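Peer 1: Sequence:
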Amino acid sequence: MARKHILHMLTPLKQMSPFDVNMALDAGFDAVVPYVDVSLAEVTGLVQDAIFSRPPDAGVDTGIFIAGKDASLALDMFDAAKKAMVPPFQVSVFADPAGSFTTAAAMVAKVEKALEKKFQRALRDT
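Numbered by the numbering used here, the letters in the sequence shown go through residues 7 to 132 in order.
Treat the hints with care, since some could be wrong.
Ranges of calculated distance between the beta carbons of each label pair, as one might list FRET restraints [unchecked claim]:
hint: 1; residue 1: Val39; residue 2: Lys89; range: 31 to 39 Å
hint: 2; residue 1: Arg60; residue 2: Lys123; range: 20 to 28 Å
hint: 3; residue 1: Glu122; residue 2: Pro62; range: 41 to 49 Å
hint: 4; residue 1: Leu46; residue 2: Ala120; range: 37 to 45 Å
hint: 5; residue 1: Asp32; residue 2: Ser106; range: 17 to 25 Å
hint: 6; residue 1: Asp76; residue 2: Asn28; range: 15 to 23 Å
hint: 7; residue 1: Leu121; residue 2: Val42; range: 38 to 46 Å
Source of the hints: derived by calculation from the structure; they are not laboratory data. Note that the structure is predicted; figures quoted are calculated from it, not measured. Cβ coordinates follow ideal geometry from the N, Cα and C atoms, glycine included.
Could you build all of it, start to finish, from the sequences and the hints given here?
Peer 2: Rendered as structure tokens:
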């Protein structure tokens with residue numbers, strides 16, 4: 007039987023964003039498991055439950071998504087998740103509170119393209 011692709015979604019909010027759940031399922035995860043009202047202190051335990059319940063080579067099939075609306079808290083939760091890893095038990099961790107990180111990355115890409123097109127300059131040259 008093929009191993010399932012699982013995404014554990016952590017948020018400090020009282021509910022997970024339906025947008026984030028839809029995006030995860032549309033991205034191809036077999037199981038999307040939301041954890042709500044998660045405190046910073048709970049991140050280590052949740053991550054270690056996720057990593058130690060599967061063999062080390064299942065790390066590529068297991069992910070942790072940090073949601074919420076507070077970018078600073080999301081980064082703290084991200085750091086806690088990374089520190090919870092015990093090699094070789096490691097999984098991917100991604101934070102994107104309220105889509106702010108992906109939106110910012112898209113904006114930078116658009117600015118880079120406009121600088122090149124209108125001013126023949128790269129962002130690194132400004």
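Peer 1: Hint by hint, note whether the structure agrees.
Peer 2: Hint check results:
no.: 1; hint: Val39 / Lys89: 31 to 39 Å; in the structure: violated (21 Å)
no.: 2; hint: Arg60 / Lys123: 20 to 28 Å; in the structure: violated (46 Å)
no.: 3; hint: Glu122 / Pro62: 41 to 49 Å; in the structure: holds (43 Å)
no.: 4; hint: Leu46 / Ala120: 37 to 45 Å; in the structure: holds (38 Å)
no.: 5; hint: Asp32 / Ser106: 17 to 25 Å; in the structure: holds (20 Å)
no.: 6; hint: Asp76 / Asn28: 15 to 23 Å; in the structure: holds (22 Å)
no.: 7; hint: Leu121 / Val42: 38 to 46 Å; in the structure: holds (41 Å)
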